[in-house]
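Novice: These protein sequences, in sequence, are chains L and X.
Counting in our numbering, the first sequence tops out at residue 492, every number present.
Counting in our numbering, the second sequence tops out at residue 1492, every number present.
Source of the hints: derived by calculation from the structure; they are not laboratory data.
Careful: at least some of the hints might be erroneous.
What the hints assert, rightly or not - FRET-style restraints, in silico, Cβ to Cβ:
1) X/1458 - L/332: 55 to 61 Å
2) L/385 - X/1412: 57 to 63 Å
3) L/397 - X/1391: 47 to 53 Å
Stated by the list, open to error - Negatives, chain L to chain X, calculated, CB over 10 Å:
4) 94
5) 107
6) 152
Claimed, not checked - Below, a sample of chain L positions facing chain X; criterion: calculated Cβ distance under 8 Å:
7) 214
8) 215
9) 217
All residues carry an ideal CB built from backbone N, CA and C; glycine is no exception.
Protein chains: 2
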Amino acid sequence: MSKKLIKREDDYSKWYNDLVVKADLAENSGVRGCMVIKPYGFAIWEKMQAELDRMFKETGHENAYFPLFVPKSLFEAEEKNAEGFAKECAVVTHYRLQNDPDNKGKLRVDPEAKLEEELVVRPTSEAIIWNTYKGWVQSYRDLPILVNQWANVVRWEMRTRLFLRTAEFLWQEGHTAHATKQEAIAEAEQMQRVYADFAENFMAMPVIKGVKSESERFAGADETYTIEALMQDGKALQAGTSHFLGQNFAKAFDVKFTSKEGKQEHVWATSWGVSTRLIGGLIMTHSDDNGLVLPPKLAPIQVVIVPIHKTEEQLDMISEKANEIIKGLRAKGISVKFDHRTTHKPGWKFAEYELKGVPVRIAMGPRDMENGTLEIARRDTLEKQSMAQEGIVEHIEKLLEEIQENLYTKAVNYRNEHITEVNSFDEFKEVIENKGGFVSAHWDGSIETEEKIQELTKATIRCIPLSFKEEDGVCIFSGKPSKKRVLFAKAY
Amino acid sequence: MSKKLIKREDDYSKWYNDLVVKADLAENSGVRGCMVIKPYGFAIWEKMQAELDRMFKETGHENAYFPLFVPKSLFEAEEKNAEGFAKECAVVTHYRLQNDPDNKGKLRVDPEAKLEEELVVRPTSEAIIWNTYKGWVQSYRDLPILVNQWANVVRWEMRTRLFLRTAEFLWQEGHTAHATKQEAIAEAEQMQRVYADFAENFMAMPVIKGVKSESERFAGADETYTIEALMQDGKALQAGTSHFLGQNFAKAFDVKFTSKEGKQEHVWATSWGVSTRLIGGLIMTHSDDNGLVLPPKLAPIQVVIVPIHKTEEQLDMISEKANEIIKGLRAKGISVKFDHRTTHKPGWKFAEYELKGVPVRIAMGPRDMENGTLEIARRDTLEKQSMAQEGIVEHIEKLLEEIQENLYTKAVNYRNEHITEVNSFDEFKEVIENKGGFVSAHWDGSIETEEKIQELTKATIRCIPLSFKEEDGVCIFSGKPSKKRVLFAKAY
């Protein structure tokens, strides 16, 4: 298989798919819409998980695990939530297979083993979790409950794309219970900030914090807080959401507590999640026509060392020096791979690690050994430089920080250049069609206008930014008065 | 709810269930046979995962993720494996719910949304993984594949018990592919050693390494390596298994490679797994009538400090000292909780942490402040002692090691006292019935004898120990000649 990618400008969508497969991140499986996350892709997810998990624990959350299956009667308890997910859920109806009498060696569903009540494979866990919380909460002393779960979920998506939209995906879902509305809202807002912090400081992916319009809200939420990122093709990506669920689930599952004042009250709820979709966002924020570009903080391998040699003796000399550098790097917590395989040529290895987005590559040959030098290449700018071996560990430490910053700066510049204020629907269409990115426009606040705009342009309201300033204007579509601009974009 | 447990000798099974629920480890859910793992129980699992994951990576394995669903046609490809799991699997047949026209507000399965091919919720992932490996392997250069997956699996068990046997459970499953039989066997044996190391050195749970008899083998394996532990009630627990799968899956999924010599050969396979069942084993190995007893290496909280005070001022003084100790402990990587809640009395807290198995408890009151002392209690022996505050950090560090060792020694003594050699079937029955534990007996090697013994005594062959010594004898049941003793026991 050729490792060469199509150019982004020729076919962004194909470039993305090729990259995911050729960089060994993931591939489609034998199951419709479900992906296999390969070791290199999974290593990125593990890095993400470790940071997020730390951030969740630092904000007082604990992990737990709830069942994969939701009995239909629980699933339908919160009506809006049920309605939102009913159309795309995998349903278990039987619990046994048997030998097919008409087809030797084959199995069939045993008609005798039909479940009395169907089980829905969780598309999200509010229902099963609130049914559980009912048993955990009696008094205000039992609150808050601050629980997170790392899990797989299934949504029967019709059009799937690796990482971005798959029938099964991995995610975390936080589910918290509170005594007051205020506290629940503060929690939902806090988790939006945690997600934004993670996206910007680890993924080097700038995001806009905002709230969703009513029609884009999570099914069952009173408010959905979102972080929205912008991909290189001008399309937006919803990267994480945090929901204030009001008392909707507490009411549906009858979860009450006795307040300090001795009154029975319904509990207030939030839920919040990010998923393996983030890996798609990471790829599309930084990568280029040569392959993956990874921010050092999430790169499974931060530095790779490739020896260039003809003889065993040369390799021994290079290895000795390399091992010294490796020791120095590891002592600073920098992950490094020494690829001294003799089955592959240096040129092949260079292309491979470029494709896989390793932030820093070092090459060392016999002449370098004589001169006390090495060649260092950075993946983000593709610059190569000959340098002294001395002090290289400190240099790399700084370089990794520099690369992390550079990726963020590049992404934030691109994003900022792609937020366009428009004041008419013609302008709106022109920008959405040709320039792409976020369009900041006045909107009359009605679902009808939102739908109409989507119908005509495929753009949706990504969010009402938290940072909006009040401003008198008129809706670009209906001409009705408006107090603030919202952000539209075509989105993944 | 009373926190008091029934005594083990009165009802071991009820004691176990009570303990799991009252120590906040897990509970039954609204879904038949599926458990909720509560934060405290999950924290133990996280500790286990962290150590195991490190051990897997140190032995060269990487993590990946494969689909939850196995299409029926893949599931049935390896016949023995399919036969072994067909009777207990959850089957997805539909991908949509719809409003029930006869029942307002209710949902029903949409008959139009029937899947063309049913999907089995993975009971284990050999089928889906070997179908994937087919695309990964062409040449001997692509081997070995050393992959592990942390995942949930579902087996429709009829009689379930928290942690020990649940319809859904969490586990890890390693799946490796090799160029030679020898290498695959070495891998399966290595992972058995890794499991034994983990069980003994982290769980403080002694295990016997052996191989399974043919009838107890994993469905689809040529050899199953097992580690077998002994619980306090004299029943054995299979704690982890590692399978040499031969070329069975490679043949079923047509996975071939070109050898160095240019020949097409089928790949050799292993798989190996441990699950949340280990938590059940941990509980039943160490805990007592007062509650959970945890080995320090897996305790989510290793030390708890409880202040005893009447006034705010006293609490301030105690807190100052406690914070000093906490700082010292944390610097040594020891986890410590300072429970200064004023909503609960010290006595309540003592009982709570005893129930939850925190290895070391420190209590400090006003008199301790005057005398520079504190009270230290160890959970394993329930001994309490007044000690000088000075040097307490170093003392605790040693004490935690001592507790870890003491738990192992106690368990290994109990286990060794419960391996009984017998030479007749009468003796066999007598020991199985009254003393319990492992019974070491000659067996003629036939499935018929094995089945007959199980029918008559409920004891099964737990393993043929790796450490057996050849010895002439006669089968205790059939009187036929035998070359070695095997271990029988009643088992979980």
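Novice: Now tell me, hint by hint, if it's right for this structure.
Specialist: Consistency of the hints with the structure:
1. X/1458 - L/332: 55 to 61 Å: Hint holds: Cβ distance 58 Å, inside 55 to 61 Å.
2. L/385 - X/1412: 57 to 63 Å: 59 Å, holds
3. L/397 - X/1391: 47 to 53 Å: 38 Å, violated
4. 94: 4 Å, violated
5. 107: 5 Å, violated
6. 152: Given a closest Cβ separation of 6 Å, the condition is violated.
7. 214: Residue 214 of chain L check fails; min Cβ-Cβ to chain X is 22 Å, beyond 8 Å.
8. 215: It is violated, given that the least Cβ distance between residue 215 of chain L and chain X is near 20 Å, above 8 Å.
9. 217: 21 Å, violated
Violated hints, listed in ascending order, are 3, 4, 5, 6, 7, 8, 9; each of the other numbered hints is respected by the structure.
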